[in-house]
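There are 2 protein chains.
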Amino acid sequence: MTSYNAPLRDMQFILKEMLEIQTYQDLPGFEEVTEDLIDAILEEGGKYARDVLHPLNKVGDAHGCVRNDDGSVTTPPGFKDAYDAMVESGFTAMAAKTEYGGQGLPHVLNVAYSEMSSAANMAFSMYPGLTHGAYSAIEAGGSDAQKNTYLPNLATGKWGGTMNLTEPQCGTDLGLIRTKAVPQADGTYKITGQKIWISAGEHDMADNIIHLVLARIEGAPEGIKGISLFIVPKYILDENGEPGARNSLECGGLEEKMGIHGNATCVMNYEDATGWLIGDENKGMRVMFVMMNAARLAVGVQGLAQAELAYQNAAEFARERLQSRSLTGPKAPDKPADPIIVHPDVRRMLMDSKAFIEGGRAFAYWTMLFNDLEHLSPDEKVREKASDYMGLMTPVVKSFLTDKGFKACSDCLQVHGGTGFTKDQGVEQFLRDAKIAMIYEGTNGIQALDLVGRKLSANAGRSIFGFFKEIDEWCEANSGDEELKPFVDALGGSKAKLQEGTTWLMQNGMSDFNNAGAASHDYLNVFGYTALTYMWAKMAKIALAKKGSDPFYDQKLVTGRYFIERLLPEAGSHLEKLKTGAKTMMSLDAEMF
Amino acid sequence: MTSYNAPLRDMQFILKEMLEIQTYQDLPGFEEVTEDLIDAILEEGGKYARDVLHPLNKVGDAHGCVRNDDGSVTTPPGFKDAYDAMVESGFTAMAAKTEYGGQGLPHVLNVAYSEMSSAANMAFSMYPGLTHGAYSAIEAGGSDAQKNTYLPNLATGKWGGTMNLTEPQCGTDLGLIRTKAVPQADGTYKITGQKIWISAGEHDMADNIIHLVLARIEGAPEGIKGISLFIVPKYILDENGEPGARNSLECGGLEEKMGIHGNATCVMNYEDATGWLIGDENKGMRVMFVMMNAARLAVGVQGLAQAELAYQNAAEFARERLQSRSLTGPKAPDKPADPIIVHPDVRRMLMDSKAFIEGGRAFAYWTMLFNDLEHLSPDEKVREKASDYMGLMTPVVKSFLTDKGFKACSDCLQVHGGTGFTKDQGVEQFLRDAKIAMIYEGTNGIQALDLVGRKLSANAGRSIFGFFKEIDEWCEANSGDEELKPFVDALGGSKAKLQEGTTWLMQNGMSDFNNAGAASHDYLNVFGYTALTYMWAKMAKIALAKKGSDPFYDQKLVTGRYFIERLLPEAGSHLEKLKTGAKTMMSLDAEMF
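Heads up: the protein sequence lines correspond to chains A and B, in order. Using the numbering used here, the first residue of the first sequence is number 1, and each one after it goes up by one. Using the numbering used here, the first residue of the second sequence is number 1001, and each one after it goes up by one.
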C-alpha cells in the first residue's frame, strides 16, 4: 500500500518565504493572496489529494478505462465521485478568470495544487489538466462569444476538454496533419479525420467534452502554415447553451499503455463533425503555442510530482524495513537488524531524490510566477522579463524535471529492493506513469531543440543574457557572506559552465545546425543544474537566516549542500559532452545501426 | 511488433578477433572450439532466439503464468514447446560437464547463447537460467552421489532447478533466515518454512524441479554462520532415479510484478518436506558464494541483452518513421518528411546505447573467459589472475550493465516517442523486464558494497593493482601508435581517475566505513567506465589494423570514438561525487526524510 501526503511545509517555504507571493497584493488576482489563504488552499488541496485521489491511484491502474460497444468510455470505479467532488470544491476553477466563473487566483498558487493532484493520481489529474488546456486555448484565441459560451463550464470542470493534435503519421511534425475541414454555408466546418492518443478523449465524468481539433481547411497551404484550430463539442449546444444533439465523432478505441491506465487515451474518429473555427484560418498553431508553455510547465510538474510520491514511499519503507547492520555498528541493537535508512547507498538514492525534488519544485514554482507577472504586472519591464523567462525556462522545466523525475522514481523503486518490483507494493506504477511525461507535450528531445534553436536566440539572446546578469548580480550581492559561500561559489561555477556552453553553441551551432542538435540535450542539462543551483542558493540564504529556529531550515541547508556535492558535478560532464559536437554522432550511415 | 536478430557479427568479433577463444585449444573444453564451431553455435542459437523465443516474448508478457487451484502453475501458451525444443537442441547443456551429459564447452561461448536467449525472451530464459544455478551449486558443493543423481537431468533441462534464498523478513540479509531443517534418522532433513520470490519455483515444463533451499538446522548458530543448503526435489526420486512420490512442498501463490510476467515468481511453502544436505552443516553460504559470481555475470548480461533488444527495435523505428526535416536540409526530399534517424538527438540516444552495448558485451565476455581460465588453465599464475579478475569484475559487470542497460531501454523507448509507450508496439516491455536485473541476485547497491568492501581489499589489493598494471602495460605497449592515441589517452586518463578513487577509498574508507558505503556506487561507475574504455581501446586496435577491409571496422572505430567523447566524461563527475564522502549524505535524522 502506498500513501501520499502533500509536502505542505516545503510548498509553504517556497511560496511564502522564497517567492513571497503574498507581497504581490497590488496585482490583480493577488489581492486576496494572504499567507492564510495560501495555507488554507494548500491544506484543503492536500486533504483531497491524500484522502480522495491517492486511494484511487492504484484502482485506476488496475482497472483502467473500458470502451463500451456504443463508443462510450467507463472510467475506473470511484473516478466519477472524485471528479464530482473536485468540481464541487472549485479547485479546477482556481486560476480561471472571475468573469468565466473562476476564482482568478494566480497560477503560482494553482501549480501547488496541480503538483498535489498529479502526485496523488496522475492519470486522474490529466482529465482536469486537459480541460485546462482547452480552456487556455479558447481564452487565448477564441472570440468573445466562444469564450462566453464555453469557458464557464470548462473552468469548473462541468465540461471536459481535449487537445487533438496527433495523427498516425504525425506527432512532432504537425505540418503533416491530414484531418480536413470543409467550410459550410452557416459559418461552421465539417471536420473529418482520425486523431490518436487523445488523452481524456471520451469518458463518463463530464456533461460534455469540448474537443479542440487541429485540421486543414480544404485548399489551405501545405505544412504548418495551413493548420487551423476548431472547437468540436461532443454534444452540440442547443439554444440555451446546454448540450444538445450528439456530434458526429466517436472514440474508436482505447490505447493499451505502459502506464496512466486510469486515463482514457483515445483514438478519435471525426466524420463530418461540426466544428467552429478558433481565430483566423490557417493560424491554428499560433493559438496552440500560446497555451503550450503553460501545458509544458504542467508536464514538468508531473515529473516532479511522481518523484515526490515515489520518494515519500521509499523514505517510509527505508525507515521501516530491517535488513543488515550499519557499517559503523548496530543502530537498532534491540531489533534483528537495522532499518535500511542507515545504509549509505540507500541514503544516496533518497538524498538524490530529495535534493532534486526540492530544487525542482522551487524552479517550477519560480517559473510559474513569471506566468502571472507576464500578464498582470503594470510594469512593462517586468512583463518583458517574465515573458522572456517563461519562454526560456519552459523547455528546461518540462524536460529536466521529467527526466530526473523518472530517474528518481527508478531510484526510489530500487530502495524497496524486490518489494518495489511487485504490483502489490505499488511503487512500480509511479515509474510507469512517470515515463509518459518525458514524451508527451513535445518529447524531451524536442524541448531541448526548442531551447537551443528558438529560445536562446529570441530577441538576440535577451533572455539568456538577462538570466546570466541576474545570477551575476545575485552572486555579487552575496559575495561577502561566509556561510553562503559554498552556494555562491557553486552558482558562479555552474553559471560559468552554462555560459561556456552558450558560447560554444553560438560559435558552432550556426555554422552547422547539427552541432546545435547534437549539443541540445547536454546543454539543457547544464541549464537545469544551473537553474536548480540558483534555486538552492536562494533557499540556502533564507535557511541560513533562520537556522536554529526550526529543524526544517537545518535540513534544508544539508539538502542544499548535498545537491552541490552530489548532483551538480554532472553539469561538468554534460558540458564536456556538448563540446564534442556532431561529427562522430552523425558519421554512421543509417544502415550501420 | 518487435523483432530480435542476434548481433552475430559483433559476437564473432569479440569471441574470435578480440578474445581469440579459438587459440585456447590446448585447454580442456576448448579442444573443439574452432572458428567454425563458434559460427555454427552462434548461428543456430540466433535462429532459435529469433524464431522461437522472441515471438513468445510478448505472449509471455500478456498471458503471464497462472497458478491453478491445485498449486500447479501453467506457463504462457507456447512456452512448453519452446522449452522442449531447447532441451532437444542441447543448448542448456553446452557448458555442463561431459561426465554429466553436457557438452563441456567453455562458458565464454555459452555466454553468447545466454545473451541471445535473454534478449529474445528474458522471462523464458530465466527457467534454464535458474536450472543452471542449481546445477552449479550441486556441482560446487554436492557429494559425488548427489552429482550423479541430479546433474545429468539438470544439465539437459529435463529437470528444472531453483534457488530458494529470500523469505519475507530477509532478502539481502540472509542471516535472518527462519526456514528450519530437522535432522531425521535416515540422514535426510525435514524442511519447513516459507520462501518468496522464487523464480521458476513451479511450472509445467520440466519433469521434476530440484529446489535448492537455504535453511537453519535446529540448534545451529545464529546469523549467517548457521545456514545450510538442501536439495529438496518436487518429486522425490525412486530407486531408479526417476521422479516418484510428491514431496511436501507447494507453490502458495504467484507474485504480480512490473515485468518478466512469463516467469513464475512463486511463494514456496515447505511443510516437513524431505531434503538432503549439500556439503557440511552450517556451511551453506560457502556453496552459494561459489555459484554466485557466475549467476551475477548472467544477470549483468540480461541488462545488456534487454538493451540490445531495445536498441535494435529503436534503430529500425528510427530508419522508418518519417517526421520533420533534417536540420541541415531534406535528406529524403521525395518523402513527406525525413526518417528520424537524421535528427541528432535521436542519434544521440541510439549511439549512447550502441556504444554502451558493444563495450559492455566485450567486458562481459572478456570477464567470462576468466571464468573458464580460472578452472582450466594449467598455469597457476593464470588461474590466480583469472580468479582475481572474476571476483573483481563480477559486481561491476552485474551492476554497471544492468544500470546502463535499463537506461538504454528507456532511451530506446524514447526514440519511439508516443508509440513507445503503447503496449501495441511492445518496446515498453523491455524497460519493465530490465528493471528487475538491477535488483535481484544482489541489488546493485549490494554489488557496489561488495566491490569496495570485499573485492578491492582481497589479497591486499592484488586484483585491482593487477588490473592497473595490465592497463599501464597496454598503454605503454601502444604508446607509439598515432591512430590509436585517442584511445590510449582516454584509457590512461580513466585509469588515473579509477586509481584516484581507489586511493581515496583506502585513505578514507577504513577510518569511516560510511565513506566506503557512500562512495561505492560512484566508485563502481568509475570502474565500469574504465573497464569499457579498456575494451574499446582493445577493439579499436583490432579495427584500426583491419579498417577499409569491411565497413564493420570503420563503424567500430566511430562507435569507439563516440564512447570516449560522449559516455566517458561521466567518469569525471562520478569521481568528483565519490570524493565528497559520507558526511552530508548521512547528516539527516531518519525522520527528516
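To be clear, the hints were calculated from the coordinates, so they are not data collected in a lab. Think of the CB as a built atom: it goes at the ideal place given N, C-alpha and C, for glycine as much as any other residue. Each hint should be verified, as a subset may be incorrect.
Here chain B is said to cover these stretches of chain A; the calculated rule only asks that three of the stretch's residues, wherever they fall, bring their Cβ under 8 Å from a Cβ of chain B [what the hints assert, rightly or not]:
#1 349-355
#2 408-422
#3 433-443
#4 481-487
#5 493-505
#6 511-519
#7 565-572
Chain B is nowhere near these chain A residues, computed Cβ spacing over 10 Å in every case [to be verified]:
#8 LEU19
#9 LEU27
#10 ARG67
#11 LYS80
#12 ASP173
#13 VAL182
#14 LYS190
#15 ASP207
#16 GLY241
#17 THR328
#18 PRO344
#19 ASP345
#20 VAL382
#21 THR559
Results of checking the hints against the structure:
For the stretch 349-355 of chain A, the stated coverage by chain B is satisfied: 4 residues place a CB nearer than 8 Å to a CB of that chain, which reaches the threshold of 3. Coverage of the stretch 408-422 of chain A by chain B holds [criterion: at least 3 residues with CB-CB distance below 8 Å; count 8]. Using a Cβ-Cβ cut-off of 8 Å, 6 residues of the stretch 433-443 of chain A lie near chain B, which meets the minimum of three, so the contact claim holds. Proximity of the stretch 481-487 of chain A to chain B, defined as three or more residues with a beta carbon under 8 Å from a beta carbon of that chain, is not established by the 0 residues found.
With a cut-off of 8 Å between beta carbons, the stretch 493-505 of chain A has 0 residues touching chain B; three or more are needed, and the interface restraint is violated. By the rule of at least three residues with a Cβ nearer than 8 Å to a Cβ of chain B, the coverage given for the stretch 511-519 of chain A holds, with 6 such residues. Remark: the stretch 565-572 of chain A is confirmed as covered by chain B, as 5 of its residues place a Cβ nearer than 8 Å to a Cβ of that chain, reaching the required three. Once the 10 Å rule is applied to beta carbons, LEU19(A) is consistent with being away from chain B; the minimum gap is 23 Å.
Every CB of chain B is more than 10 Å from the CB of LEU27(A) (nearest about 36 Å), matching its label as outside the interface. With a least beta-carbon separation of about 15 Å from chain B, ARG67(A) lies farther than 10 Å from that chain, consistent with its non-interface assignment. With a minimum CB-CB distance of about 25 Å to chain B, LYS80(A) clears the 10 Å threshold, and the non-interface call stands. Listed as outside the interface, ASP173(A) is inconsistent with that label: its C-beta sits roughly 4 Å from the nearest C-beta of chain B, within the 10 Å cut-off.
No beta-carbon of chain B comes within 10 Å of the beta-carbon of VAL182(A); the shortest separation is about 22 Å. With a closest Cβ-Cβ approach of about 24 Å to chain B, LYS190(A) is found to remain outside the 10 Å limit, as its non-interface label requires. Taking the minimum C-beta to C-beta distance to chain B, about 29 Å, the non-interface status of ASP207(A) holds against the 10 Å cut. The beta carbon of GLY241(A) sits about 35 Å from the closest Cβ of chain B, which is more than 10 Å, so the claim that it is off the interface holds.
For THR328(A), the requirement that its beta carbon stay farther than 10 Å from each beta carbon of chain B is not met, with the minimum near 6 Å. Here PRO344(A) does not stay apart from chain B, with its beta-carbon only about 3 Å from theirs, under the 10 Å limit. In this structure ASP345(A) is not separated from chain B by more than 10 Å, as the shortest Cβ-Cβ distance comes to only about 4 Å. No beta-carbon of chain B comes within 10 Å of the beta-carbon of VAL382(A); the shortest separation is about 34 Å.
At roughly 8 Å from the closest C-beta of chain B, the C-beta of THR559(A) falls inside 10 Å, breaking its exclusion from the interface.
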